[in-house]
Amino acid sequence: MERWHNKIAVVTGASGGIGAACARAMVGAGLRVVGLARREAKLKELRDSLPKNLQSNFIPRRCDVSKEDQVQNSFDWIEREFGGTDVLLNNAGITRETELVAPGNTQKLREVIDTNVMGVLWCTREAFNNMIKRDAEGHVLIINSIAGHQVLNFIDILPSFNIYPATKFAITAITETYRQEFQVHKSKVRVTAICPGATNTNIFPEEIHFYVKDMERLEPANIADAVMYALRTPPHVQVHEITVKPMGEMF
Numbered sequence: 014m015e016r017w018h019n020k021i022a023v024v025t026g027a028s029g030g031i032g033a034a035c036a037r038a039m040v041g042a043g044l045r046v047v048g049l050a051r052r053e054a055k056l057k058e059l060r061d062s063l064p065k066n067l068q069s070n071f072i073p074r075r076c077d078v079s080k081e082d083q084v085q086n087s088f089d090w091i092e093r094e095f096g097g098t099d100v101l102l103n104n105a106g107i108t109r110e111t112e113l114v115a116p117g118n119t120q121k122l123r124e125v126i127d128t129n130v131m132g133v134l135w136c137t138r139e140a141f142n143n144m145i146k147r148d149a150e151g152h153v154l155i156i157n158s159i160a161g162h163q164v165l166n167f168i169d170i171l172p173s174f175n176i177y178p179a180t181k182f183a184i185t186a187i188t189e190t191y192r193q194e195f196q197v198h199k200s201k202v203r204v205t206a207i208c209p210g211a212t213n214t215n216i217f218p219e220e221i222h223f224y225v226k227d228m229e230r231l232e233p234a235n236i237a238d239a240v241m242y243a244l245r246t247p248p249h250v251q252v253h254e255i256t257v258k259p260m261g262e263m264f
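Its first residue numbered 14, the sequence shown is counted upward by one per residue in my numbering.
Some hints could be false.
Simulated crosslink set (DSS-like; lysine-lysine; CA at most 25 Å straight-line) [said to hold, decoys possible]:
| hint | residue 1 | residue 2 |
| --- | --- | --- |
| 1 | Lys80 | Lys57 |
| 2 | Lys146 | Lys199 |
| 3 | Lys201 | Lys146 |
| 4 | Lys80 | Lys55 |
Since the hints were derived computationally from the structure, they do not count as laboratory data.
Turn these sequences into a full structure, and let the hints guide you.
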């Protein structure tokens, strides 16, 4: 990890769950982390929970990645203050309780698409263009999901996952497109998708947690381990995708 020491990592959705675990692991490995999230107070709580000597290496910044102007402003600020992004972890993701066929659900569908897909596109675009401007050996990571390869069917058991799998299937295609486009630009930037199975996070509403309370699940730190593994590989190694499931997962 020596080559990442004091480099700038940007973690979206860093206020809790997988994002917070990854931010904590990166800071512990010597990176300086800019944590982006809508809940700035939670970001500051994470900073304050770090060892005193590492707190200055976590920089909280409020940013809703579903808003293009906020993404652009944040990455412009990162470039001005720190020179640019070396590692980007696209982690922010949401779901909304609805069905695709439910009347009047446009706002809920747009919120999920804008966060899970457009947020990744906007953040990666800004980070990548800064990386190639500096000829940096950067790394873009994306938290995908097993739902990006399989539409989980729990009809009559769970509330509908609605548009969430579609956004993650999009991320599967986007990850491969990035790999190809990064090559076209002759960049030194790698891309890796991490596909977790069921994980103890608050992304899904309480209604779903009630149904899956006895399901085997991963902890956010397990996903952070996968992220750190990808970062530790040599620059010539392209770890395209990592799938991590809890033992005994039903799907």
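Quick rundown of the hints versus the structure:
1. Proposed proximity of Lys80 and Lys57 is supported: the alpha carbons are some 21 Å apart, at most 25 Å.
2. About 12 Å separates the Cα atoms of Lys146 and Lys199, which keeps this hinted pair within 25 Å; it holds.
3. Distance check on the hinted pair: Lys201 and Lys146 sit about 11 Å apart at the alpha-carbon level, within 25 Å; holds.
4. Restraint check for Lys80 and Lys55: the C-alpha separation of about 19 Å stays at or below 25 Å, so the hint holds.
Taken one by one, the earlier hints all hold for this structure without exception.
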